[in-house]
Amino acid sequence: GATPTSTAGSMTNLALNKPATASASCNANEGPEKAVNGSWTGGNSDKWCDNTSASKWWQVDLGGNFNVTQFVIRHAGAGGESTNSNTRDFTIQVSTDGVNWTTVVTVTGNTASTTTHNIAATSARYVRLNVTAPEQGAGGAARIYEVEVYGN
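Here the sequence shown stands for residues 1 to 152, where the numbers follow the numbering used here.
There may be inaccurate statements among the hints.
Claimed, not checked - Beta-carbon label-pair distances, calculated as ranges:
id, residue 1, residue 2, range
1, 42, 97, 30 to 40 Å
2, 138, 61, 30 to 40 Å
3, 42, 100, 30 to 40 Å
4, 99, 43, 30 to 40 Å
5, 64, 43, 13 to 23 Å
6, 64, 137, 17 to 27 Å
7, 116, 33, 21 to 31 Å
8, 39, 83, 15 to 25 Å
9, 39, 11, 16 to 26 Å
10, 39, 69, 20 to 30 Å
11, 102, 12, 36 to 46 Å
12, 44, 99, 28 to 38 Å
None of these hints come from the bench; they were simulated from the model. Glycine included, each C-beta is placed from N, C-alpha and C at the ideal position.
Using the sequences and the hints, build the whole thing.
Here it is as structure tokens:
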């Protein structure tokens with residue numbers, strides 16, 4: 001059971017330091033683990049980046065089923081890069097088995113550097129971010145500095 005906390009909104013980031021995988025990485029120091037390291041202000045290499053895959057995705061294993069209620073995604077601008085590189089179109093999917101996926105968030109036309117997505121409590125062990133339009137313009141690099149997953 002969860003221990004009540006005195007401060008509202010101090011939920012635990014379930015994705016922090018959990019095993020992450022991705023479609024590809026721009027280079028060895030921009031791997032999927034960078035999006036769950038708890039930091040997004042460590043410079044250009046403090047992100048997951050993919051500029052090669054036709055279908056860009058990033059996924060984390062929470063290590064067990066949790067009732068997930070919120071996702072916070074820190075895009076390029078949150079890490080100090082140009083806001084033109086903020087993820088424009090993406091979906092968030094959840095799964096309890098890593099096989100069957102449910103899309104719980106669909107975003108098009110985003111320009112914000114940090115996006116917060118609240119959903120009705122949904123059981124999930126795996127969370128996947130699918131990037132369908134990685135930048136504001138025609139650029140093709142997905143840049144995700146942090147993915148936070150909240151719930152209980």
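Right, here's what the structure says about each hint:
no., hint, in the structure
1, 42 <-> 97: 30 to 40 Å, "holds, 33 Å"
2, 138 <-> 61: 30 to 40 Å, "holds, 33 Å"
3, 42 <-> 100: 30 to 40 Å, "holds, 35 Å"
4, 99 <-> 43: 30 to 40 Å, "holds, 36 Å"
5, 64 <-> 43: 13 to 23 Å, "violated, 32 Å"
6, 64 <-> 137: 17 to 27 Å, "violated, 40 Å"
7, 116 <-> 33: 21 to 31 Å, "holds, 22 Å"
8, 39 <-> 83: 15 to 25 Å, "holds, 20 Å"
9, 39 <-> 11: 16 to 26 Å, "holds, 18 Å"
10, 39 <-> 69: 20 to 30 Å, "holds, 23 Å"
11, 102 <-> 12: 36 to 46 Å, "violated, 22 Å"
12, 44 <-> 99: 28 to 38 Å, "holds, 35 Å"
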